[in-house]
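Asks: Okay, here's what each chain looks like letter by letter:
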Amino acid sequence: MLELHLGGHLAFYAPQKQSRFNIPIDQPTDLGLILQQLGVPLAEVAIVAVNGELVDLASTRVKPGDRVELYPPMGGG
Amino acid sequence: MGYGSTGKYLRVDLGSGAIQEESLDESFYRLYPGGKALAGYFLLHELSPHTDPFGPDNLLVLANGLLTGSPIATATRFTAAARSPLTGGYGESEAGGYFGPELKLAGYEAVLIRGRADSPVYLSIGPGGAVLKDAGHLWGHDPEQVQDQIRTELGDTKVQVLQIGLAGEKRVLFAALTHGLRHYNGRNGIGAVMGSKNLKAVAVRAHGGAYRELAHAPQELAALGQRLAKEVRNHPQSWDLHEKGTNALVGGLQAAGILPTLNFRSGGFDGADKIKWEAYQQEILEKRGTCFACAVRCKPEVRSGGPYDLNSAYGGPEYEAVAGFGSNCGVDDLQAIAKANELCNRYVMDTISTSATIAFAMDCFEHGLIGPKETGGLDLRFGNIQAMLQAVEQIASRQGFGNLLADGSLRAAQAIGGNAVDFAVQVKGQELAMHDPRGKAMVGLGYAVSESGADHLVSIHDTLLQNPDSVGFKGAQALGLQHALPAGLLNDEKVANYFVCENWVSLEKVLGLCYFGPAPRSFMQVVDVVALVRAATGWDVDLQELLRVGERATNMARVFNTREGFNRSDDRLPARLFNPLEGGVIAGASISKVEFEQALTELYRLKGWDPASGAPTPEKLRSLELGYLIQG
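If you're matching them up, the sequences are chains S and E in order.
Anchor point for the first sequence: position 40 equals 40 in this note's numbering, and the numbering is continuous, going up by one each time.
Anchor point for the second sequence: position 191 equals 268 in this note's numbering, and the numbering is continuous, going up by one each time.
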């Protein structure tokens with residue numbers, strides 16, 4: 001299982017505008033692919049943290065048990 | 078058919094009690110349509126250089142945006158301006174809510190207030206005219222009581238009451254204004270100026286009527302308003318503001334490593350999970366409020382009660398207060414953060430400067446520059462909730478150690494001595510908002526050059542402009558931006574992007590649009606803003622003319638500061654930002670002094686400002702139809 005959190009307006013694109021998902025995976029999987037399946041445009045993803053470490057979305061594969069946090073560009077206000 | 082403006086303003090002399098109605102013609106408003114531009118015009122024309130901010134001659138201006146009160150989501154804002162007691166320069170602060178629309182429909186674009194009343198008064202503006210009334214019985218009372226009392230006296234529960242609190246009465250240098258107990262002109266100490274005039278409140282009631290009576294093409298404007306209201310829910314950024322308000326920022330900035338922590342030492346806070354949006358929603362959120370005709374509805378309100386006996390009458394903490402009293406003071410208790418926010422709101426003082434000044438004091442305390450002897454026993458270690466709350470109380474009442482902190486972090490640092498000034502995270506005397514430029518370079522440039530001191534709302538945050546395919550960058554392309562650039566980069570093209578975005582955001586303050594309306598921050602596209610102005614005014618304006626309106630307003634503020642003696646040396650960042658971040662996921666990041674100075678030089682070149690002094694050149698002033706401001 002993968003624990004995934006869509007922060008900020010990323011949840012706008014997800015099914016039922018949900019922000020938290022437990023995604024069943026049993027082997028290392030391309031994170032971009034998971035996001036595409038959820039309907040999240042990759043261009044809106046600005047920050048990706050896997051288990052608290054910043055990573056690059058393009059090259060990231062996630063594995064069962066990972067905790068993934070994603071955020072869009074955070075403007076001011 | 079009108080042009081979106083009443084054309085009229087009120088001039089009030091608190092010394093003599095005289096109140097006059099005056100007007101300016103449509104050609105004037107095309108150059109200075111409202112808000113920041115109108116306020117800057119009056120301050121430049123009616124205020125002599127070096128006027129004592131607390132003297133009777135300081136001018137307090139309340140100025141509506143051109144579109145304020147129109148049936149457009151986020152068109153709610155008005156500007157409060159004066160010579161700032163905190164910075165000594167151009168002072169300005171915007172607020173949304175309901176006061177601006179009410180003033181517009183009462184018939185006025187602005188109120189100019191000069192002089193000092195012999196005893197406390199309030200100004201009442203309504204269908205029966207404008208009068209000064211005794212406020213001796215209101216002085217010293219909380220906003221909730223004052224609002225109720227004034228509404229009772231005027232026999233109308235719909236009167237909008239703009240008022241100062243205890244902090245304004247005590248001339249705390251970052252005292253604010255509030256109306257509706259929810260909406261704040263927070264920055265630059267405008268509340269202290271109002272307090273120095275013995276003016277407790279300005280109460281406004283409209284005659285009735287509606288903005289459409291002022292508009293050139295009311296049906297077109299209404300149709301635009303209806304379409305844009307639907308856009309609010311269909312656009313990802315405004316959807317997010319509607320769902321979570323500003324507090325979604327906590328988690329995102331923590332993940333990015335730029336959540337201000339322990340007086341900007343670090344960009345990562347161990348207790349972030351306890352103060353981020355999900356915790357806020359579970360622990361303290363009651364409901365969301367809004368401003369006049371605004372479908373975004375971004376304002377959180379907290380539940381009453383709890384361990385700190387919260388009072389929901391004063392709304393709830395926005396992101397700035399959550400990070401300011403939270404991560405930046407080392408506090409991970411949302412109830413305590415909400416209490417600190419409530420106290421600031423009750424005493425009517427800026428949550429950003431209050432929290433940042435306390436964080437500064439905590440830093441000094443932990444470095445041994447001050448101790449219990451100097452603080453009167455306050456154990457001002459990071460994370461000490463009781464000490465933080467006591468400090469807020471002491472600042473508002475100017476009691477004990479709070480009397481020193483009530484003058485802001487720069488003056489407090491100068492009084493403390495040693496290297497305390499290195500811990501004062503401020504520009505021109507005003508404390509930084511809770512956005513760290515070590516991860517977004519344009520924000521740092523904005524902090525440095527802003528005429529009102531460190532301000533996070535003078536341009537667009539770089540983070541929105543990093544990806545060429547993102548909603549944010551696509552929204553900014555209509556402004557002429559060519560390339561998406563990394564947030565931390567500070568090269569010439571980034572400076573050019575900053576400049577265009579600064580003119581755009583300045584325009585928002587002239588039109589009365591909230592930062593959460595226009596792209597690239599939110600749902601309202603650039604072409605929509607142009608269409609709104611055309612429908613409201615009938616003017617054949619295009620984007621370039623509107624950007625020049627924004628640029629003109631910024632240049633007027635800059636001329637004001639030049640007259641006060643400000644120069645390039647005041648456009649600098651605090652020492653802390655040139656040090657590496659001590660924690661968080663981008664620990665080690667800092668701003669390069671060389672790059673920053675190069676960027677400043679390039680920005681001055683683009684702006685047409687003298688590279689040595691930072692003053693607008695005569696050529697620039699002439700090009701903006703401000704030739705009459707050329708000095709010498």
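Quick caveat, the hints were computed from the structure, so don't treat them as lab data.
Keep in mind that a hint or two might mislead.
To be verified - Distance condition first, Cα-Cα at most 30 Å in a straight line; then the derived DSS-like pairs of lysine-lysine:
id	chain 1	residue 1	chain 2	residue 2
1	E	85	E	235
2	S	17	S	63
3	S	17	E	235
4	E	307	E	235
5	S	17	E	307
6	E	351	S	63
7	E	235	E	351
8	E	364	E	307
9	E	551	S	63
10	E	551	E	307
11	E	85	S	17
Asks: Look at each hint and say if it fits the structure.
Replies: Comparing the hints with the structure gives:
1. E:85 with E:235: holds, 23 Å
2. S:17 with S:63: Since the Cα atoms of residue 17 of chain S and residue 63 of chain S sit roughly 24 Å apart, the hinted pair holds (cutoff 30 Å).
3. S:17 with E:235: violated, 37 Å
4. E:307 with E:235: Judged against 30 Å, a Cα distance of about 28 Å means the pair holds.
5. S:17 with E:307: Holds, at about 17 Å.
6. E:351 with S:63: With a Cα-Cα distance of about 27 Å, the restraint between residue 351 of chain E and residue 63 of chain S holds, given a limit of 30 Å.
7. E:235 with E:351: violated, 38 Å
8. E:364 with E:307: holds, 21 Å
9. E:551 with S:63: violated, 33 Å
10. E:551 with E:307: Holds, at about 20 Å.
11. E:85 with S:17: Given that 30 Å is the threshold and the Cα spacing comes to 47 Å, the pair is violated.
This entry does not satisfy hints 3, 7, 9 and 11, going by the numbered hints stated previously.
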